[in-house]
Structures are given as C-alpha cells and as structure tokens.
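Based on these hints, arrange chain B on the given structure of chain A.
In order, the protein sequence lines correspond to chains A and B.
Heads up: the first sequence is residues 45 to 449, going by our numbering.
Heads up: the second sequence is residues 7 to 557, going by our numbering.
Read the hints as simulated data drawn from the structure, not as lab findings.
In this text the structure is predicted, and so the values were computed from the model without any measurement.
From the three backbone atoms N, C-alpha and C, an ideal C-beta is built for every residue, glycine too.
Any given hint could be a false lead.
List of simulated lysine-lysine pairs, DSBU-like, C-alpha gap at most 35 Å [unchecked claim]: (1) B:Lys508 <-> A:Lys322; (2) B:Lys540 <-> A:Lys82; (3) B:Lys526 <-> A:Lys233; (4) A:Lys233 <-> B:Lys286; (5) B:Lys332 <-> A:Lys264; (6) A:Lys287 <-> A:Lys264; (7) B:Lys525 <-> A:Lys217; (8) B:Lys169 <-> A:Lys217.
Here's a subset of chain A near chain B, in silico, CB distances under 10 Å, partners left out [unchecked claim]: (9) Thr58; (10) Thr177; (11) Ala318; (12) Val422.
A few chain A positions that, by computed beta-carbon distances, are all more than 12 Å from chain B [said to hold, decoys possible]: (13) Leu64; (14) Lys79; (15) Asn84; (16) Ile103; (17) Lys122; (18) Leu178; (19) Lys285; (20) Leu308; (21) Ser420; (22) Ser421.
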Amino acid sequence: MKSANINTFPITATCPACGLLCDDIALENINHQLKVTKPNCAKTVAFFERAIGENTSLIAGKPATLQEAILKVAEILKQAHKPIFTGLGTDVQGYRALYSLSQKTSARLTHMNATSMARNLKVLQSTGWQTTTLTEVKNRADVIVCFGSDLLSHNARFFERFVDADGMFVSAKNRQVVVLGEASNQAIKSDALQAAWVLPCRATDLPSITIALRALVAGKQLKATKIAGVKVGDLQTFADKLKAAKYAVLTWVAKDLDFDHAELTIQNITETVAILNKTTRAAGLPLGGSDGDTSANNANTWLSGFALNDDALNDEHAEHDAMLWVNSFSPEKASPQTDMPLIIIGNSNIQHQAEVFIPIAIPGLDCSGTLFRVDSSVVLPLKKVRENNLPTLAEVLCQLEERLK
Amino acid sequence: MITLLKNGKLYDPAHSKNGVVEDIYIRDGRITSKPSQTEKINQTYDLTGKIVMAGAIDMHSHIGGGKVNIARMMLPEFQETKNYSEPEAHICTPNCSHMATPNTSDTGFRYIEMGYTAAFEPAILPINARQAHLEMADTPMIDKGGYAMLGNDDYFLRLLSQKADQKVINNYVAWTLHATQAIGIKVVNPGGISAFKFNQRRLNLDENNVHYQVTPREILKSLSRAVHDLGIAKPLHVHCNNLGAAGNFQTTLDTMGASDGVPMHLTHIQFHSYGTEGDKKFSSAAAQISEALNNNQHITADVGQILFGQTVTASGDSMMQHLNTKHANPKKSVIMDIECDAGCGVVPFKYRDQNYVNALQWAIGLEIFLSVEDPWRIFLTTDHPNGAPFTSYPHLIRLLMDKSFRNEVFAKLNLDAQAMSNLTSLNREYSLYEIAIMTRAGAAKLIGLNDRGHLGAGAAADITIYTDQPDREAMFAKPDYVFKDGELVVKDGKVVKVVWGKTHTTKPAFDIGVEQDLKKYFDKYHTIQLDNFKISDDEFADDGRGKIVTH
Numbered sequence: 045m046k047s048a049n050i051n052t053f054p055i056t057a058t059c060p061a062c063g064l065l066c067d068d069i070a071l072e073n074i075n076h077q078l079k080v081t082k083p084n085c086a087k088t089v090a091f092f093e094r095a096i097g098e099n100t101s102l103i104a105g106k107p108a109t110l111q112e113a114i115l116k117v118a119e120i121l122k123q124a125h126k127p128i129f130t131g132l133g134t135d136v137q138g139y140r141a142l143y144s145l146s147q148k149t150s151a152r153l154t155h156m157n158a159t160s161m162a163r164n165l166k167v168l169q170s171t172g173w174q175t176t177t178l179t180e181v182k183n184r185a186d187v188i189v190c191f192g193s194d195l196l197s198h199n200a201r202f203f204e205r206f207v208d209a210d211g212m213f214v215s216a217k218n219r220q221v222v223v224l225g226e227a228s229n230q231a232i233k234s235d236a237l238q239a240a241w242v243l244p245c246r247a248t249d250l251p252s253i254t255i256a257l258r259a260l261v262a263g264k265q266l267k268a269t270k271i272a273g274v275k276v277g278d279l280q281t282f283a284d285k286l287k288a289a290k291y292a293v294l295t296w297v298a299k300d301l302d303f304d305h306a307e308l309t310i311q312n313i314t315e316t317v318a319i320l321n322k323t324t325r326a327a328g329l330p331l332g333g334s335d336g337d338t339s340a341n342n343a344n345t346w347l348s349g350f351a352l353n354d355d356a357l358n359d360e361h362a363e364h365d366a367m368l369w370v371n372s373f374s375p376e377k378a379s380p381q382t383d384m385p386l387i388i389i390g391n392s393n394i395q396h397q398a399e400v401f402i403p404i405a406i407p408g409l410d411c412s413g414t415l416f417r418v419d420s421s422v423v424l425p426l427k428k429v430r431e432n433n434l435p436t437l438a439e440v441l442c443q444l445e446e447r448l449k
Numbered sequence: 007m008i009t010l011l012k013n014g015k016l017y018d019p020a021h022s023k024n025g026v027v028e029d030i031y032i033r034d035g036r037i038t039s040k041p042s043q044t045e046k047i048n049q050t051y052d053l054t055g056k057i058v059m060a061g062a063i064d065m066h067s068h069i070g071g072g073k074v075n076i077a078r079m080m081l082p083e084f085q086e087t088k089n090y091s092e093p094e095a096h097i098c099t100p101n102c103s104h105m106a107t108p109n110t111s112d113t114g115f116r117y118i119e120m121g122y123t124a125a126f127e128p129a130i131l132p133i134n135a136r137q138a139h140l141e142m143a144d145t146p147m148i149d150k151g152g153y154a155m156l157g158n159d160d161y162f163l164r165l166l167s168q169k170a171d172q173k174v175i176n177n178y179v180a181w182t183l184h185a186t187q188a189i190g191i192k193v194v195n196p197g198g199i200s201a202f203k204f205n206q207r208r209l210n211l212d213e214n215n216v217h218y219q220v221t222p223r224e225i226l227k228s229l230s231r232a233v234h235d236l237g238i239a240k241p242l243h244v245h246c247n248n249l250g251a252a253g254n255f256q257t258t259l260d261t262m263g264a265s266d267g268v269p270m271h272l273t274h275i276q277f278h279s280y281g282t283e284g285d286k287k288f289s290s291a292a293a294q295i296s297e298a299l300n301n302n303q304h305i306t307a308d309v310g311q312i313l314f315g316q317t318v319t320a321s322g323d324s325m326m327q328h329l330n331t332k333h334a335n336p337k338k339s340v341i342m343d344i345e346c347d348a349g350c351g352v353v354p355f356k357y358r359d360q361n362y363v364n365a366l367q368w369a370i371g372l373e374i375f376l377s378v379e380d381p382w383r384i385f386l387t388t389d390h391p392n393g394a395p396f397t398s399y400p401h402l403i404r405l406l407m408d409k410s411f412r413n414e415v416f417a418k419l420n421l422d423a424q425a426m427s428n429l430t431s432l433n434r435e436y437s438l439y440e441i442a443i444m445t446r447a448g449a450a451k452l453i454g455l456n457d458r459g460h461l462g463a464g465a466a467a468d469i470t471i472y473t474d475q476p477d478r479e480a481m482f483a484k485p486d487y488v489f490k491d492g493e494l495v496v497k498d499g500k501v502v503k504v505v506w507g508k509t510h511t512t513k514p515a516f517d518i519g520v521e522q523d524l525k526k527y528f529d530k531y532h533t534i535q536l537d538n539f540k541i542s543d544d545e546f547a548d549d550g551r552g553k554i555v556t557h
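Chain B on its own, in the form it takes in the complex:
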C-alpha cells in the first residue's frame, strides 16, 4: 500500500526544506523514497498549493496524572457538554469537555485536530507514574510520553547529602526511567518541594534545604550530569526555583550557570523572567533572559505563554503554589505532599487583560519569543493548562507571525503594563519555517525522537497539511489533512478515524545493583513494595491498544 502526497509545499527544517515543492510517498506507516515505476500507487492526494509539515510535537503539556485529574475533579464548573457525531462519538461522550482540563479522549481529539501528533507530560511523579500512563493510554490519536520528576525525593536527597558517587546517582536516575517508563528527567523547584515539607517557604539557588543541607545548585549539577552521562537525549528539564515571584529572573540567570555547561532545558521560562522595577515592583526581565539564552548555547527553553481567560494551574511545585493560593480564582485549591517523592499544587487562575501583572506576563512571554534568536532552542508552549489551554496554540502562532495583529491586542491591555513593555518595538514575525522548527523539528530533536518531526525517508508518517491562509490562527486551527503513522485520521479539521498512538520511552543501561539499597530503603521507609513501584511493559499491552517505543 503506497500513498502519494503530490506537489505539496514542504516545510521540513530537519532537511533544510523551506517551502520546496515535492512529493511524499508513504508505505507501511512510514515516509519512503520514490518507489520504482512498476510499483502501484494506491492513493494520491493532490496537495498543490498546500503547506506540508511533519505532525507537531508538544514537548511540555500536562495531559496525564494526578494533578490534572485533581483539577478536573475540583472544577466541575469548567466543563461543558457537547453532542458528538461519529466517529468522534465512537469514544467521545456527551460529557466531553473543551476547557482547561479536558478529559482524555477530548485531549487526543483536540490535539490531532490542530495537527499535533504527540504530546509529552512533563511532570510525572515516579510514585504516580502508573496513573499518568493509565490516563495517557486512554488518550487517543496522539503519541505520548513523559518526564519523571526527581530532585525532591528523599532517596535522591539522602544520596546527595551523603555525597554519594555520581555513578550511584546515575544508576538511580536510569533505574527511575525504567521504573516509570519515562523519556526524560525533570526537576521542579530543585530541593524546594522537599524544603516545604520541612516548613521552608522559599528556596534560592544557593540556599540549603534545611534538613539535607544541600542547595538547588548541587541538585541541578548532579541531575544534569546524570542525564548527560547516561546519554539521554532530552536534557534535564528544569522548572527553576522561585516560580512566579517578582525578581526571580536573577535565579533563572544563575540557574543557567549551575550545570557547568552541561545541557539543560528551562521550562515555562516566562514564569521565571520577572523583575522588580516600576511602581508595582513587577517588571519584565525578558531582555536579560533572552540575552542570556542567546549567549548560553547549552540552554534550551520553552516559553509557557499566558493567554487571557480562565484556566487552572497544576504544578509539582507545592511550595510556590501554596503561596499562589491567595490568587486562586475561583477561590479554591489543592496542595499535596506526596509519598516522600514530591508534591503538587492545583490552583485555578483567571488571567485578565486589564490586570497589570497578567497583561505584563502576556507581554513578557511574547518578548522572549521574539528576542531569542535561535528557533531550535526555544519552544512553543503555554505550559498547558497553566498559562492557557493547548487549544489556544493557533492563536499564539498568529501572535508570533503577525505583528499588526499582535500590536492590536497589545493596545487593548492594561495601560500601565503597556508602559512597561517594549513589545511594539520588536518587529520580528516568525516564518512558517521557524514555526516548523519550534513545533516539529526542534521538539523532536530535543526529546530524541529520531523518526518524528521531519519528512525524510524513514520517518514515521505523522504529517499535517494546511491551506496557506493569511489568518494564521485559522490556518493552524484546522488542517486539511492529518496523517498518523500513515493513516488519514483528520480531514478538514475533523477526526475521521480513531487511533491510539504509542508511548515513547528511553531505557539507558545501568547497574541493577542499585536495587539492593533501594530495596532496603523501600522496606524501611516506603509503604509499597519496590516491585510494585516499577511499571512493566505488559501493563501497557494488556488492553490491546497501548504500545511502547524505546529510544
């Protein structure tokens, strides 16, 4: 079975193709080179004038696991109902939601309808990994994967405070990746979630966790080194200390230097780019952060753009989210300490364009997007759902690609915030090629998905086809076609076939001897057996639709 996508205009940055008109052939779910003349082409799509990109990859989106489910549970008022027609009705329900925390089937549908073919849950608590994978297994249409959180778990902090050999740490990190079926490692407020359990309320980069007498800097150094030594493609995913606090940009700048040049990814950096200037003691530090990103080649970042409206913030950062509960809207929240492993904080937020801080947060995100020069090192996220639901990506893309639209929106914001932002002086407009880097080629490269995010022979045939429209929001909201592993799954922005996608993992080699000490630790301090902590491959296959891919 060979499918021909004929005459499309390709934006494929992995192969430096910037609007080249070419044919693509699909065989057995993969892109293939041109078949011989004797082979039969079963199906041809004439894509003359259409834009062709690889399926988009969301490298940071909270789509599965405890805190998202808590948000759903806590906020019934956010859900809305809608009636579905086939084939969506095949798995969608009358209760399918379209808000900040959609249910699992809706999550998959909304992603694929925008041409996204993969999304990665960035904050899997190892103890809660089974739940995250259960939810992702019930998320149709897209590929999934996740980053396991370390750095606040008591086992790691004990090792670090005992000055354990880096090799021991590396083995523990590798063991965690295997046990949790993750593809990367994340650290959230390094040392801070643990410190909050000992009643510390803030933790700076060089401040000690009171119990363990180790600093966030030491944690970052150790974990980034482990990830690097183990040969894991995805750099350590770092949610810096001092999330959301005025003046936190200095922490962020200092964090860039904490790994001694070893690669790190700073996530939702917008929330970490705040100064203290002006009457309200809250200002944009986007210029300093962008300059540092431009100068530090070992650092990548995603933005975590905020957009106006109701959403909910769901974070592992119990320490900072506890401080944020005073801003909760509606006024409720959940803060948890979890299993000597980590924590979580779920706080609903309503970002308002006439609120000084919110308006400036919006501008800061865009300032960073427009000031970071290398699109291979900056990624398009809203930290779904924390800055905005992922369904707002087409709107965000338009803000990046259309300066007059951006300036029109800016002109309607809180006037004091306008006065504190240089956004209108930034003339840059992202090109389709740059968007394809940020949302496809760059994301695949960052995570280490060698056969995704590009259109070369051998790639999985995850392909999105758009009509070139001047209104980029309309264009990116509704692709003409989406192919998932070679199958046509979306036509004219609507799902035509339900598929289930795969789970991407990485499993570096390590010394299983690490389990001897872990077993003792579990028996003494944990409340489950070590064996039950580990998620077996079989648990994915049991229902017949899950599948693991190991990179």
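The shape of chain A in the complex, shown without the other chains:
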C-alpha cells in the first residue's frame, strides 16, 4: 500500500483540498492531532487538521452497524427505479466503485461541480483547445493572464508555486501577470500579483471583453473606445503584449464564470490562444478543480467512453426516486434539499438528516488513493496519514453490490 508509516512523523503528504494537489505538505503529529507545519494554506490546514467526527453509521439518526447500514441502503436502492448518485466527491478508486454500482442500479451520475464542468466540456467538444500544464507554466510562462477575479480563492498557492518561483527558461522577475477582474484576494501575498497589471471588470463583462480581445489579437480594428468600461487602447496594449510573449498562459476558473453561455467566453479565450499560436506560443489553462471532479471526469470517460457530462440536478424533467450523496473531502458542502430517500456516504464531519449515513475513510487522510490534478496530465498517489477504523468507499460499495444481488 502507498501509505506512510504513520508512526514516523513528519510526513510529506499530498493535499486533495483543491485542484493543485500540492504534494509538499509537511505534517506533524502532536498529541494524536495532525498539524500542518507547511504551507500556510487555509484549505490544506482545514483538510488535515479536522478531527474525525461521527465514526459510526446511522439509520434515521440512530447508531447502526456498518452491515445494518449497508443492508438499509440496499433496501432503498432495490426499491428505487431511477436513483441519482451525486456529490461524487471521491478519488479514482472510489469513482470506479460508484460507476460499477450505477451500472447495476440504473443510477444517474452527476458531480457536485457538474454545472461548471460543463462549461469547459462544451468548449472541448465544440472546437477543442490548446492547453498546458503547471510545470510548463512554472518553467516557460512569461505572460500569465487571469480571466476573472478570484483564482486565489480556488487555488491559493498558484502564484507562490508556479509564478513567483524562477523557472528553467524564465525568471520570476521577468514574468508579467495580467488580471481581468476585480482586485484579488488580499490575504495572500504574491510578488507577481503585486506587480500585476489589473484591468478592472466584473465577471459578467468578460463576454464582451474577451470577444474584443480576440478580435484585436486577430488584427482587427474596433470602432468602440471602451468595452465594458475597459479602454480599447488598454486592450490593444494587452493584445500586443500577448503577441510579443514567448509563452503566454491564459487561465480561467469555470466556476467563477457563472453566467449564461459562459462557454462562449471560455471559447473566446481558447480561440485567442489558437490565433496566438499561429506566430508565437501560447496556451490555455483551466484552473480551479475540487472534490475529485477531474478524477471523476477522467475515470468516467475511460470506463464509459463518455465524459461525465450530466447535470441531473438542474434537469427539470429528471424523475428520481432515491438520492445517494457522496462527499469525501468537503463536509461543509451540503447535499441538495430533497424529498427523496437520502443516503449519505462520506466525510465523518458531514452534518445531515439522511435516512442512512455511512462515514468513510477520506482518501489522502484515512486511506491511500489516487487523484488527477486540475491540469489532467498529472495523477498523484494519496497517502494514509492517520489511524482510523473507517471503511473506504470502494469497500462499502463492494459489499453493497453483494447485497443487491
């Protein structure tokens, strides 16, 4: 097993709390309590330092054995004609088990991030794109663009790890960061961000600004002098900067582009990249990522042949009769309100009113596992870093499948 020897601290661990999967997390064990000694990332600290909560299964709020709980879940799923499995916050091994169960119960699978995942997928399936990965950013990117305000609240260490650090082909001081958005998270210090050129705008202005930028990069003239409050002269300077860059990286977080047809804004960004690549080098980079969304999408794609592209929670015509909510990593994220029988399998700290609750081992904390980084190409092993007696999701679902036979 890829688990650390949990008697020998400090341990270097991998953090599943956001899409960056930082694997340089230093953990100490102080009086049987995990302590993050490096880095100072709020998400990482919250993830590793949260103690185990409810570690027994519950049926209608009353303690039950794991076997009793599994039996009860089997009963609910047997009675259901069209269950929905959602949340899906797990790793590759957990997703495989969920996929297998969904095939045997005719369940629909929809990730808690389905709406934002669909924005990127629509672009991928319409025109495709040219993208890059984090190590390329660190070593090559001389211009880094953030479309939207809030990258740091998703990926707190993005600048520290990949922009403020010197790369093989570019030094940190020679990078230029451009932000199209409002002033960013002030709590996090970054040299590059400090020196960034900020073109203030709201997220909902990005459709018109990105189409204007795309036109300017393509060499077109605009008659307007301002687009959504941004001077066209500034956009022209920005376009020229991109064209002069050796390796510009254009980033966005699909979750923050929360307006109708956001995919068209993303496509403006990726098509700007395509135009730049006619003469110089540039690449797009979708960022964000959480709760195993990239892993679920990849695993679903090789298991079924299709991307995980079902936004069932927003489907008015969906007629489901049982809901399974799986949430390993983010106990603060609640299951959807529902009248259906609700089963929750997940983090022991989830507050809930489920008919059945089964607490499970969290990959990267209570058991080993595997996750995809937000840039998809890098897949990292997760370690078990604390003692516990919780079952893994795959173990629970495997037993559940037996009960469904």
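Here is chain B on its own, set in the frame of chain A:
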C-alpha cells in the same frame, strides 16, 4: 488439470511449424509436453481441420493514457450504444462503444474476440504513466504494457546538451523504465516536441533544437545506445521527425542510419514514406523505404496502415499535429504541452477513398507490407486509432492475403491516386505462416516476451483457434476458441469468461545514484515530488486484479 487440444493444424513460426498437425497440452495455464499415460486428461477439444496459432500481440496500439481519454472526451458523437448479454454485461455497460476510441472494457473485449491476447500502448508520457496504467488496469481480457517516451523531456535534453556521459543517460533511461513500469522506450519526433515549445514548427534530422542546440540524430544515437547497452529487448521505438509531411521519406531513410547500426524500430512507417512527385506534390516512396528496410537488418518497422472511415489521431507529436489541425474532421482538436516532459495532439480524421492523399496513403501502406521481404521485421498495425481502429485488423489481413480482393478495392479509389501507385503489380499474398510471424512470433520476439507468441512447451497458454475459411476477414474476425493463460475465454467469437490479464515490464539494473541529481532537478523545476513520479508495484496490486510481470 490438463486440457488437450487435439489434432489442430499449428502455425507456430517460433518453432518453424507451418501447418503441422499436432496435439497441444495445457497445464496450469501453460503449454506442456505430453503428459505420462497415467495422468488424467480433464478436457479435450477436437480441433481436426482447425487452424491453431498463439494469441496475437499488438505491438503498437494507443489503448491507454491521456490522449486517448481526451479523444473520448472530445468526441461524444463517435460513441454508439449497444445492449450486452452476460458475461459481457458483467463489466460492459449500455454505453460501451465500438468506434475509434472504445472505452476500456470494450477495448479488451474487441481484442480478445479477434484472438488478440496482448496489446502495448506505445506512447506513455512518463508524467502521465499512472493514468495509462489505471486505464490499462481497467482493460480486461488481454495482457498490457507500454513504452515510455523520452527525448523531448527537458531533463534528457539538458544532459545531452551538456554532453553527459552515456552511462549517465543509460541510468536515467533505466530509472525511467522502473518509474513508469514500462517495457520499452519510445521517442516521438526526436527533439521536435520540445522545439515546438520554443516556437519551432518543423525539425529535420540534422537541425538543432534552438534552445538545446542538439539534433534529432544525436538524440536517436544516445537513446538507441542506452536501450542497447541496458540489454532491453525492445529496440528504441522511433516515431520519426516530419510525420505526415510530403517528402518526409528522406528523413526516414536518413533516420535508419542515425543509430550507427544499433537496432531501432521505426513505427507507423507508412506515415513517413511520402515523396513529392506528381502534380499534387505528394507521392509514394514505399519502394525506397521498403528497399532500405530490406537492406538494413538492424531496422524493424510497423506499418500504421490507414483504412477508410472516421477515426481520430492521437499522438505525442504536438508539433506535427498542430500543423494537422487544418485537416481536422470534425473541425476540432486538442494540442497540449505537458510538464516539460512531452506533449500531445488529438485531431479527428476521416480518411476518404475518393481523396487523392488518403487513397494514396492506403496504397503506400500496402505497398510497404508487400515489398518488405522479411516478415520478422515488419509488423501489422494501424497505429490504432490513428490509421484506423484495431477492429479493422481482419479486413487488413484479408487485403494482405487476397490479391484479387485487394485489387478490387484499389480499383474503386481516387483515379489520380491509382495512377500514382504500383500496387496492382505487386503479386504477393501473405501466407498464414507469415501472418503468424507478423502478429505473433515476431511481435513477441521484438518486445522480448519469451513465453508468448509461440506454442512450445513452457509458453503461456494464450492460444487462438480459427476455422480455415477462404474469406480471411471472416476467419480472423471470429475465432472458434481463444484461451488466455489456459482458460477458455472466447467461444465462437464471444467472450465466455472475464479475465484481467497482466502488465509486462522490464527493469534493467542501474545506478540509483542517478536519483541525487534528479531529486535536485525535481525540487527546482518540477511541480511534484520525485517520489510521487514513481509508480510502485503495489499500485497495480491494490485492486486485486492487476499483476506485474518483469522480463
């Protein structure tokens, strides 16, 4: 438990058996010599009149890893649905696909149904190796393995440009094989994927990568030497520079000389055999390429035949695939730069028989098949899915074995392309024995799978049994029986038992001291820890169905 396969007609080139009628005994998953008379035979299959071959081995097929999954993700319109019955339904899903990029369970089923018992993913990016193995672990029925890509990674290019000692390179190559759990080393567009990141758009064999000031020739020399020095059976797997470009045959010919006689395998050579003659400045150079293959004993090649229809091309060659995006059909593509390691390009293609270039590509592939004399040095591939999906192999075999069928197809092609090909003057028809060499004995020998690809005592009992039919496509599409490690898994072309297969690797000895410098490099430039780059044996065993075999 002993199984007797009685009276079959054996095509077993590793033992020079060309249609010999013999019995085969299977014990504990392996072929065994005739047991003593006192031992009980548990099961007997009467194979009188049937053709018996070892399970086929696909030595180059993109079945796992990032770019294949991107193709699936990008192209939902390529998938079709089908309902399954047991035992396929046991793991197949209503969404199982039958197109260019089938899902993992479908990949395994379609292979075994054709009598293939192993397939090798030829382009594993080391940084993405974990994904490739995850996908292959979910591919049932067949054995798997892969070739790790080097030669465009910045670590190697730094070593080469610093004129590092060959021993240092050898250690790094061996370390990569261990870390990625691969069985061979591949180089894609040597130096070109890196050069594209520095905005170079083409790279010729003796042209410098602008940043590193090293040439593809130097890269090939160094890597082929490393593979040879380390005693790795599989020669360096080479995807030449200038993929798909008119006139690229000269690069291919020159590449054959780049290793100073050290063995190299030139992959999907059809895509690298183009001249510039004729009105359209695109012509067949199959004759020159075949002649050079015949004369260069140290070179092997697989063809990468194209067949007509919709497919998708998935390659590590971001530089050339970026140029190909203008031919995308449907009009979309993904090009990626990846982790200072390599890149990828995924471009859907529709090969059309009335298109001059496509028709000629088809003819060029077949011209090479028919003109290369030694079937031990040429291999049957479509570079799945790049030339065509692997499910078209039975059709391709018929084209090779049946001259009148081949000429009938040829006569329907684009007329200008017909005028530019000498295909109808090539009278050769492959024999069953030669097919068995190309798809079994030769492939096993090339990769170094000593106990596969043959029917001798001690071999793993991967065995395929066909009914001898004049229509070779029908024959090879649907074997009567397939045994995987001694178990009957296919009967009458349908899966009767689900098995999971093994992963083949090679782990040459090396000086672990190489990790000291690698650790510094990772800490300074990479974005993951060195330890997490390496895939442990345990990661295969964790789900209880993966198993590693080291050669």
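Hint by hint, here is what the structure shows:
A distance of roughly 44 Å separates the Cα atoms of Lys508 of chain B and Lys322 of chain A; the hinted pair therefore is violated under the 35 Å criterion. Between the alpha carbons of Lys540 of chain B and Lys82 of chain A the distance comes to roughly 23 Å, so the proposed pair stays at or under 35 Å and holds. Note on Lys526 of chain B and Lys233 of chain A: the hinted pairing holds, with a Cα-Cα distance of about 26 Å set against a maximum of 35 Å. With a CA separation close to 59 Å, the supplied pair Lys233 of chain A and Lys286 of chain B exceeds the 35 Å bound.
For the given pair, Lys332 of chain B sits about 22 Å from Lys264 of chain A by alpha-carbon distance, which is consistent with the 35 Å threshold. Between Lys287 of chain A and Lys264 of chain A the CA atoms are separated by roughly 14 Å; this keeps the pair inside 35 Å, and the hint holds. Between Lys525 of chain B and Lys217 of chain A, the direct Cα distance comes to roughly 25 Å. Compliance with the 35 Å bound is thereby established for this hinted pair. About 30 Å separates the Cα atoms of Lys169 of chain B and Lys217 of chain A, which keeps this hinted pair within 35 Å; it holds.
Interface restraint check: Thr58 of chain A against chain B, minimum CB-CB distance 7 Å, threshold 10 Å, status holds. The interface hint given for Thr177 of chain A holds, since its Cβ lies 5 Å from the closest Cβ of chain B, which is under the 10 Å cut-off. Hint status for Ala318 of chain A relative to chain B: holds, with the closest Cβ pair at about 8 Å, below 10 Å. With 10 Å as the threshold, the beta carbon of Val422 of chain A comes within range of chain B, its nearest partner Cβ sitting at about 6 Å, so the hint holds.
Non-interface call for Leu64 of chain A relative to chain B: violated, since the shortest CB-CB distance, roughly 8 Å, does not exceed 12 Å. Against the 12 Å criterion, Lys79 of chain A stays outside the reach of chain B, whose nearest CB is about 20 Å from its own CB. Look at Asn84 of chain A: its CB is around 19 Å from the nearest CB on chain B, clear of 12 Å, so calling it non-interface holds up. With a cut of 12 Å on Cβ distances, Ile103 of chain A stays outside the contact zone with chain B, its closest approach being about 29 Å.
Against the 12 Å criterion, Lys122 of chain A stays outside the reach of chain B, whose nearest CB is about 19 Å from its own CB. The claim that Leu178 of chain A is not at the interface with chain B is violated, since a C-beta of that chain comes within 12 Å of its own (minimum 5 Å). With a least CB separation of 17 Å from chain B, Lys285 of chain A remains clear of the 12 Å interface cut-off, as annotated. With a minimum CB-CB distance of about 15 Å to chain B, Leu308 of chain A clears the 12 Å threshold, and the non-interface call stands.
The Cβ of Ser420 of chain A does not lie farther than 12 Å from every Cβ of chain B; its closest approach is about 7 Å, which violates its non-interface assignment. Ser421 of chain A, annotated as away from the interface, has a beta carbon of chain B within 12 Å; the closest lies near 5 Å.
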